[in-house]
Amino acid sequence: MIGFFAGVRSEFTKIFTTRLWWSLALVLVLYLMALTGGLGLLFAGLQTGAIHARHGLVPSFGDLAPPLYSFATSIGYVFPVLFGALITAGEWGYQTITPTFLANPHRYTVLWAKIVTAVVFGAAYGALALAASVSSGAAALTHYGLNAELGDHATWHLFGRAVIAMALWGFVGVGLGVLVPNQAAVIVIILAFTQFVEPLLRLGAAFSVETAGAAKFLPGASSDALVGASFLDLQNTAEGAMVVDQLSWQHGGVMLVIYGAAVTVIGCLTTWRRDVS
Amino acid sequence: MPTTTGLPGATIEIAGLTKRFGRVKAVDDLTFSVQPGRVTGFLGPNGAGKTTTLRMLLGLERPSSGKATLNGVRYRRLRRPLMTVGAALEASSFHPGRSARDHLRVYAQAGRVPARRIDDALAAVGLIEAADRRVGGYSLGMRQRLGLAFALLGDPEVLVLDEPINGLDPEGIRWIRHFLRGLAAQGRTVLISSHLLSEVQQSVDDVIIIAKGRLRYAGTLAGLGAQSPGGTAPSTIVDAPRRDDLAQALSAAQLGFERSHSGFVVRGASSDEVGRAAFAAGVELSQLRTDTGSLEDTFLRLVGEDGL
Chain D
332 MIGFFAGVRS EFTKIFTTRL WWSLALVLVL YLMALTGGLG LLFAGLQTGA
382 IHARHGLVPS FGDLAPPLYS FATSIGYVFP VLFGALITAG EWGYQTITPT
432 FLANPHRYTV LWAKIVTAVV FGAAYGALAL AASVSSGAAA LTHYGLNAEL
482 GDHATWHLFG RAVIAMALWG FVGVGLGVLV PNQAAVIVII LAFTQFVEPL
532 LRLGAAFSVE TAGAAKFLPG ASSDALVGAS FLDLQNTAEG AMVVDQLSWQ
582 HGGVMLVIYG AAVTVIGCLT TWRRDVS
Chain S
58 MPTTTGLPGA TIEIAGLTKR FGRVKAVDDL TFSVQPGRVT GFLGPNGAGK
108 TTTLRMLLGL ERPSSGKATL NGVRYRRLRR PLMTVGAALE ASSFHPGRSA
158 RDHLRVYAQA GRVPARRIDD ALAAVGLIEA ADRRVGGYSL GMRQRLGLAF
208 ALLGDPEVLV LDEPINGLDP EGIRWIRHFL RGLAAQGRTV LISSHLLSEV
258 QQSVDDVIII AKGRLRYAGT LAGLGAQSPG GTAPSTIVDA PRRDDLAQAL
308 SAAQLGFERS HSGFVVRGAS SDEVGRAAFA AGVELSQLRT DTGSLEDTFL
358 RLVGEDGL
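The listed protein sequences derive, respectively, from chains D and S. Per my numbering, the very first residue in the first sequence carries number 332; after that it's consecutive. Per my numbering, the very first residue in the second sequence carries number 58; after that it's consecutive.
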């Protein structure tokens, strides 16, 4: 146990003595503010008729605030994943895994310390991401006179679930970093999956009931279920024809834990125990 | 000096250690021990299995069979390993964006080493001035020193250094030789690997020589000279202002010799024996040393790389 706490402390020092944590935080905040603010203005403008849609129709997206605020996770989740993966794979890349295992030869203790650290930082990234999406999203909504819903309990529950989701994504990231202990490879895999593969799968799956039933178990879909809102909701309501099938928020959270545990366990059985040479 | 295993200094024990990579035996049934208070050279050509042996000792690689222990305890079983064994394995185990001080801070915390040791270790290797600069901007010599500072962090009884002299400039080599001698004089166990005998010859008391994963010699450096599996005994180079007197003294002691431009080469005799013979005859010497060329020959023959 003492080794574990020493390990967590050491992991925090590792993070605060390099640039990764704040460069990810900076990009996360700027990206989310621009995206939520910009799309918030567009959708709010369309909904209120201030911006004219094709054929003069005034589309209804329903309640705009939750999906806009949830950009924090539905767009921002890639950041804690990258963070978790890089604090793990980076050890092999910089060969610092050698002094790390010399200082504490109990490898699973080291891994637990990394998981806890990534979960804490994931939650912190979640809070930052919400600050960014909510500030710019609420500004866009109030600009067009729409309700920012910041007084609703439901909104604050969504914030809480979003922070939990981001923390769990940090765990998934560590697992991926254990499974693929190569920085360049793990970055490519994470970006390709989160930015292209999964969004396309979810979009394609939404055209039939059967595929939608399977797609709800995808990691991003599970995360959206946990949070309770997604930017895909906007798309679905706009297009009308889509099949929306979603897990309960609890099941969404469980699915994320399962994904994290699965990649971590497979990684433990393969790379984490291997010889450091 | 402080001890964490309860004994003054610690003995490294390698017993039947074997490491297989597929069909290849990188380390093959290796058995030797390394004593405290001495500098021991761990020698062998590149690929002989030195690094693999050290990594198994340090719990970084899993032996296929056999044991490597420190005072009978495996590395993984040490309570605070950094405070028992300090290791410097390669010059590149750093995050380039981290400063030397932060690098040591990270591992002091993980290894539960008191924070005051950070400055002690930096001072011991002369890195205090550069301690707050990013390691990415360090020269190879500075990285070697930081690696050494990491090894010294826990004020350990045992130091294991893989090729510590590799890549150092002459001044750095002189510094590290002196430094290692000092550590051994404090009673610590110092094991340094090298692929060149000549590189460590001036620093070591004992040598372990391996080739193709197998032990070829374990004993004192002086004893290495006495190794003569191929017939070549150690040679001593000796000279005196009055060479004829010296020749008589050597003949009287029944030591065979050859005259050369720089004195006499006495084959099959250690410098002790030659010195004794000269002293007995009252001959003043101007030079007395072991023929290092022949040590190198012995080394190369032991590792099977004498050109054939």
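Because the hints were derived from the structure by calculation, they are not lab data. Treat the hints with care, since some could be wrong.
[Said to hold, decoys possible] Derived Cβ-Cβ restraints for the label pairs, each shown as a range: (1) Gly276/S / Val451/D: 20 to 28 Å; (2) Ala172/S / His474/D: 29 to 37 Å; (3) Pro530/D / Thr88/S: 54 to 62 Å; (4) Pro153/S / Leu531/D: 31 to 39 Å; (5) Asn223/S / Val451/D: 34 to 42 Å; (6) Thr88/S / Arg350/D: 42 to 50 Å; (7) Leu531/D / Val81/S: 42 to 50 Å; (8) Val130/S / Val451/D: 45 to 53 Å; (9) Ser608/D / Asp301/S: 54 to 62 Å; (10) Ser608/D / Ala242/S: 28 to 36 Å; (11) Val358/D / Gly224/S: 34 to 42 Å; (12) Cys599/D / Lys82/S: 22 to 30 Å; (13) Val130/S / Cys599/D: 23 to 31 Å; (14) Ser608/D / Gly339/S: 52 to 60 Å.
A virtual CB, placed ideally from N, CA and C, is assigned to each residue, including glycine.
We went through each hint and held it up to the structure:
| no. | hint | in the structure |
| --- | --- | --- |
| 1 | Gly276/S / Val451/D: 20 to 28 Å | 54 Å, violated |
| 2 | Ala172/S / His474/D: 29 to 37 Å | 52 Å, violated |
| 3 | Pro530/D / Thr88/S: 54 to 62 Å | 60 Å, holds |
| 4 | Pro153/S / Leu531/D: 31 to 39 Å | 37 Å, holds |
| 5 | Asn223/S / Val451/D: 34 to 42 Å | 40 Å, holds |
| 6 | Thr88/S / Arg350/D: 42 to 50 Å | 48 Å, holds |
| 7 | Leu531/D / Val81/S: 42 to 50 Å | 46 Å, holds |
| 8 | Val130/S / Val451/D: 45 to 53 Å | 34 Å, violated |
| 9 | Ser608/D / Asp301/S: 54 to 62 Å | 60 Å, holds |
| 10 | Ser608/D / Ala242/S: 28 to 36 Å | 33 Å, holds |
| 11 | Val358/D / Gly224/S: 34 to 42 Å | 38 Å, holds |
| 12 | Cys599/D / Lys82/S: 22 to 30 Å | 28 Å, holds |
| 13 | Val130/S / Cys599/D: 23 to 31 Å | 26 Å, holds |
| 14 | Ser608/D / Gly339/S: 52 to 60 Å | 59 Å, holds |
Against the hints set out earlier in the document, violations occur for numbers 1, 2, 8.
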